[in-house]
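Listed below, chain by chain, are the residues.
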Amino acid sequence: MNCAVIDDEITSLEIIGGLCKRYIEINSVNLFSSPIDCIKFMNKTQVDLIFLDIHMPNFNGFDFLETLNNNNFKAILITSDKSLAIKAFKFDCVVDYIVKPIDLYYFDLAVKKAFSLIKTQNLLEDTNKKILDNHIFININKRLIKINFDEIFLIKANGDYVNILTRNKTHVVHSSLKSIESKLLQDLFFKCHRSYIVNLKHIEEIEENNLLINKQIIPIGKGVRQKLFQKLNLL
Amino acid sequence: MESPNLNFFLKLSNEDQQFMMRLTNTLKMEFTNDKNLYFDALAQKDYKKMKFIVHRIKHKVGLLGLTKSYNVVIEFENDLINENLKLKDKFLLILNTMTKYLEKIN
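For the record, the sequence lines run as chains B and W.
Read in order, the letters of the first sequence are residues 1 to 235 in this note's numbering.
Read in order, the letters of the second sequence are residues 1 to 106 in this note's numbering.
In case anyone wonders, no lab produced these hints; they're calculated from the structure.
No incorrect hints appear here.
Derived CB-CB ranges, DEER-like: (1) 183(B) with 10(W): 45 to 55 Å; (2) 71(W) with 58(B): 20 to 30 Å; (3) 18(W) with 187(B): 43 to 53 Å; (4) 58(B) with 29(W): 21 to 31 Å; (5) 46(B) with 32(W): 32 to 42 Å; (6) 1(W) with 39(B): 41 to 51 Å; (7) 41(B) with 45(W): 35 to 45 Å.
We put the CB at the ideal spot given by N, CA and C, even for glycine.
In isolation and in its complexed conformation, chain W is listed as follows (with noise of 0.2 Å):
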C-alpha cells in the first residue's frame, strides 16, 4: 500500500514552522474524531451519516497523498448510497494506515 505523506502541508506551509504545526494538529485531531463518528455510525448501520463522514474523511485522505486510497474512498462513498459495505475493509486498512502514520507525527 502506498505511503502517507506531509508534502501537501509542507508546500503549503511555505516553511512557515507554526503553521505547519498548526496543521497537522488540527488534521490529527479532526480525524480521530472523524473515525469515531464513522465507526459510530457503522455500528448503528446509519448509511447516510456513513457516507457524509467518509466524505470528510476522503479529503484527510488527499491532504496525506494518499491518491491510490483516494479513489477507493470515493467508490465507497458512491457504494454506501446504495448500502453496500463491500469496500468496509479496504477502508479499514486506510484508516489504519493513516492512524499508524499520524501517531508518529509530533
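One chain only, chain B, in its complex shape (with noise of 0.2 Å):
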C-alpha cells in the first residue's frame, strides 16, 4: 500500500510518517509540504491512502480533495480545527477524522479502518472485473478461441500444457495449471488435486476422496478436502 501526507507543518508529517512505518501493510510512505506537489506525484504513481491536513496556505485540504474527487483513494483528515467534520464527511474518500495532537489508540483505529476499506474495494473491483471477464481466450494453432466459464468442466495440467475439459470438446492449451487458476474465477473453481482444478458447479457427486464431475472421477487432495467443503452449499 502506498500513502502520502500532506501538512504545510514539518513537525506533523515526521510525526505521521514516522506513525506510518509502525505498519507493515504500508510499503511506501511519501512526505509533502504542499497538495500541489501530492498531485504531481499522484500523476505518476498511485497512492492508496492519504494522511491529509485542513488549513494550509493558498491550496487547502478541501480544495485537494475536490480536485482529485474521482480518485481511487482513501483520506484520513488529520487537523487542528474541530469544526470541519461535517464538511470533511461530504467527501466519499473521507475515512475518519483525528484532531490534533494526534491520540495514537485514535489514529491507529482509522489506519486499520481504511486498511479495511481499501482491502474490501480492491476484492470487489477484482470481483467485478472477473464477472465482466466471464470468459477466458485460449490460444490454439494461432487461434484465439473465447470460451465460457460455464463451459469449462475441469481443467487437468499434462505435462508442459493444460487440458480444457469442456461440453463439447476438450482444448489442449500450452500453459501451467497455475498460470491458468490465476485467470479464473475464485469462487467458480477450485484446485481440488495438484493435477486439476474443477468448476465447483458442474461437481456432482464426492465421495471420500474423490468427486464425480462429468462423468470422471477427480481425486481430491487431503490438505483441501475441508477447503472444498467450505465452498459448497451444504446441508
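Assemble the dimeric complex from its two separately framed chains, guided by the hints.
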C-alpha cells in the first residue's frame, strides 16, 4: 500500500510519517508540505491512502479533495480544527477525522479502518472485473478461441500443457495449471488436486477422496478437502 | 502556569532515540520560524496571517502537553477573526514558556 502525508507543518509530517512506518501493510510513505506537489506525484504513482491536513496556505485540504474527487484513494483528515468534520465527511474518500495532537489509539483505529476499506474495495474491483470477464481466450494453433467459464468442467495438468474439458470437447493448451488458475474466477473454480482444477458448479457427487464431474472421477487432495467443503453449499 | 513536557513525543517515539531527536529538532526549528512569522504578522497587523500562524502554533502547544494553554490559543485564534487582540499577552506568555523549555532541550 502506498501512502502520502500532506501537511504544511514539518513537525506533523515527521510525526505521521514515523507512525506510518509501524504498519507492515504500508510499503511507502511519501511526505508533502504542499498538496500541489502530491497531485503531481499522483499523476505518476498510485496512492492508496492519504493523511491530509486541512488548513494550508493557498490550496487547502478541501481544495485537494475537490480536485481529486474521482481518484481511487482513501483519506484520513488530520487537523487542529474540530469544526470541519461534517464538511469533511461529505467527501466519499474520507475514512476518518483526527484532531491534533494525534491520539495514538484513534490514529490506529483510523488506519485499520482505512486498510479494511481499501482491501474490500480492491477485492470488489477484482471480482467485478472477473465477473465482466466471464470468459477466457485460449491460443490453439495461432487462433484465439473464447471459452465461457460456465462451459468448463475441469482443467487437468498435462506436462507443459493443460487439458480444458468443456461440454463439447477437450482443448489442449500450452500453459501451466498455476498460470491458468490466476485467470479464473476464484468463486467458481477450485484446485482440488495438484493436477486438477474443477468448476464447482459442475460437481455432481463427492465420495471419500474423489469427486464426480461429467462422468469423470477426480481425486481430491487430502489438504484441500476441508477447504472444498467450505466452498460448497452443504446441508 | 502549567509546565511543558515531552510525554507525547516519548510515547510516540517508543524509545527510538533517533526518532525522538528528529522530532524535537524539527519542533524547535519550526517553532522558532512560526514565532518569527507571528511577530512579523503582528507588527503588520495582518490578522489573517496571524490567525494562520496561531493555528500552526496551537498544534505545537498541544504537542508539549500544555492543555490549558491550548484552550487559550483556541480562543485567541477565534478572536483574531474579529481582529481582537485581547489575549495577545497571554499568548506571548505561552510562547515564552515554550521558548525557554525548548532552549533547555539538547
